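Peer 1: Please build the complex by placing chain B on the supplied structure of chain A, with the hints as guidance.
Note that the protein sequences, when read in sequence, are chains A and B. First residue of the first sequence? That's 7 in our numbering, and the numbers climb one at a time after it. First residue of the second sequence? That's 50 in our numbering, and the numbers climb one at a time after it.
Hint data in this document are derived by calculation from the structure and do not stem from the laboratory. Where hints are given, some of them may not hold.
Stretches of chain A that chain B covers, calculated by requiring three or more beta carbons in the stretch to come under 8 Å of a beta carbon on chain B [to be verified]:
#, segment
1, 15-25
2, 32-38
3, 64-77
4, 83-96
Cβ pair distances, simulated, as ranges [stated by the list, open to error]:
#, chain 1, residue 1, chain 2, residue 2, range
5, B, Gly96, A, Arg45, 52 to 62 Å
6, B, Phe201, A, Gly151, 41 to 51 Å
7, A, Leu84, B, Glu211, 45 to 55 Å
8, A, Lys107, B, Val74, 14 to 24 Å
9, A, Thr159, B, Gln300, 22 to 32 Å
10, B, Ser285, A, Leu19, 43 to 53 Å
11, B, Phe201, A, Thr47, 30 to 40 Å
12, B, Thr132, A, Arg297, 46 to 56 Å
13, B, Thr111, A, Gly151, 33 to 43 Å
14, A, Gly151, B, Tyr77, 20 to 30 Å
On a predicted model such as this, the values are computed, not experimentally measured, just so you know. Beta carbons are placed, not taken as given, at the ideal position from N, Cα and C, and that holds for glycine.
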Amino acid sequence: MVRRLAHNYQLYLLLIPVLIYFAVFHYWPMYGVQIAFKRFTPMKGIIGSEWVGFDHFERFFNSYYFMRLLINTVGISLYELAVSFPVPILLALMIHEVSSKKFKRTVQTVTYAPHFLSVVVMVGMLMTFLSPTTGIVNHLIGWFGLESISFMTEPGWFKTLFVGSHVWQNAGWSSIIYIAALTNIDPQMHEAAAIDGASRLQRIWHINLPGIMPTIVILFILNIGSIMNVGFEKIFLMQNDLNMSASDVFATYVYRSGILGAQYSFAAAVGLFNSIVNLALLVAVNLAARRVSGNSLW
Amino acid sequence: MTHKGIHDKVFETINVIALSLILIVVLYPLVFVLSASISNPYLVIRGEVLLFPKEITFQAYTRVFRDSAVLTGFLNTLVYASTGTMINLAMTTMGAYPLSRPNLPGRKIVMLAILMTMFFSGGLIPTYMVVKSLGIINTYWAMVLPGAVSVFNLIVMRTFFENIPGELHEAAMIDGSSQIRTLLRIVLPLSVPILAVMTLFYGVAHWNSFFNGLIYLSDREKYPLQLIIREILIQSQMQEMMELADESAAQQQLMGESIKYALIVVTSLPVLLLYPLLQRYFVQGIMIGAIKG
Chain A
7 MVRRLAHNYQ LYLLLIPVLI YFAVFHYWPM YGVQIAFKRF TPMKGIIGSE WVGFDHFERF
67 FNSYYFMRLL INTVGISLYE LAVSFPVPIL LALMIHEVSS KKFKRTVQTV TYAPHFLSVV
127 VMVGMLMTFL SPTTGIVNHL IGWFGLESIS FMTEPGWFKT LFVGSHVWQN AGWSSIIYIA
187 ALTNIDPQMH EAAAIDGASR LQRIWHINLP GIMPTIVILF ILNIGSIMNV GFEKIFLMQN
247 DLNMSASDVF ATYVYRSGIL GAQYSFAAAV GLFNSIVNLA LLVAVNLAAR RVSGNSLW
Chain B
50 MTHKGIHDKV FETINVIALS LILIVVLYPL VFVLSASISN PYLVIRGEVL LFPKEITFQA
110 YTRVFRDSAV LTGFLNTLVY ASTGTMINLA MTTMGAYPLS RPNLPGRKIV MLAILMTMFF
170 SGGLIPTYMV VKSLGIINTY WAMVLPGAVS VFNLIVMRTF FENIPGELHE AAMIDGSSQI
230 RTLLRIVLPL SVPILAVMTL FYGVAHWNSF FNGLIYLSDR EKYPLQLIIR EILIQSQMQE
290 MMELADESAA QQQLMGESIK YALIVVTSLP VLLLYPLLQR YFVQGIMIGA IKG
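Just chain A, with the same shape it has in the complex (with noise of 0.2 Å):
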């Protein structure tokens, strides 16, 4: 054992930056959750600090943001869950059957496009075209005779634009993953079935969804586990005034009240609230998908 060691000391040695890595950024982090039950002041620093229990989570619990940042967070999840993870996989099979390569790689290198934009430019275009005086689209609105629409600053259509960029933006990229497991499904079995007179749809339906079944429920699995904090960083951006109550989310309201507001314990609170409900959805889901379809993370 020991020589073995010794025999592999320069690839452990190459392991020691990463380590360091992962415990300074990833596991201190984790160290740090407990201010979420102290009452934290910098001068006592995090083990001097008074323990307060569950205090922080008591008054988040009863706060009046409560069941709003609740309702925000989970309805733009599954909202964005409903909508954007199925359009890639439609995309994926609508792809796979093209017969001409030269359209196939258009249609690809054209959708996988926008995935490559940045956040804030994403924003920017939603903010430029949606512009109730000067944006195209109220324009294109106007032609047809009606009221110009302030789409950003109102809250009905927070959600929606949220989860229509996200679809125009990731669609194409998302369907890589369901194309490339479309490559892999053995063309005897079409074969089979066109002899045995099955038609294109129903060959579709019974040989290539079911082909990258196991692929959907992983992705599916990878999903959930997110489902706390879709888009943070787009909907931070997209957020004003004006849309607030459709559009504070835990995230967006734990960097108000930690980074701006500096209440570190409580927003701590708030922080790890979300990341335990992520982590119990991801273990439900995935339990779940090993009892229903055999796939699972682990």
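Peer 2: Then chain B, alone, in the frame of chain A:
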């Protein structure tokens, strides 16, 4: 032609039409931004530019490139992206290589500890406090150290290393090569495709990142490009660009609109131009990570 054959033809046609529509929907906003950025701003605001540019002018671009904040941001981002990506590559290789060696004692535990961080984290505030106690707030380090390794990329790279034939390692060992030497002389030269993928993944992430800058930097001189364009695009703060010229308020507003379009182009073009050339590598990378990881 059989009955079934006709059905398939109909299917194919509908499919191609539907995909063409999708193509237009994705492409149109991009083309519009480009056209709007080089058109007479008055026509853009009135909604007369729909697809092709009208009364072409490059005024907005000269404004953008004359602006010192944009230039500083651009240079800062170049620095963050290049040093950051180099750190990312070194760290990811150093992590992925040992973890790809099948007989390394303790590899499972280390891998588990790393994977754990994908599913649970301390969260924003505790991470911020760590960065603060390290004393790197408002320094260049805050932009490159906290995200030095991405777990996803580490897994992709480890999978790639695992697929390099073990015989090569054995041969190297018999020849008396040390493990670091084997990595540098044999494994890395065989890993050019994956190194390209990693460079691109990390590079684009640095280019597009704004949130680290937002929370860790207070000095505007150090702001990355994305933070600067956030101020102009989203918060509509472009006084600096405006003060350069003495125009009427109406003219300023006009110019402001086309500056926004020009800024979108300037920020996105570097990545969008590179991307078709490198698409193959990107796709390869995401597939290695997805299917075997």
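Peer 1: Any hints from earlier that this structure breaks? Give me their numbers in increasing order, please.
Peer 2: 3, 4, 7
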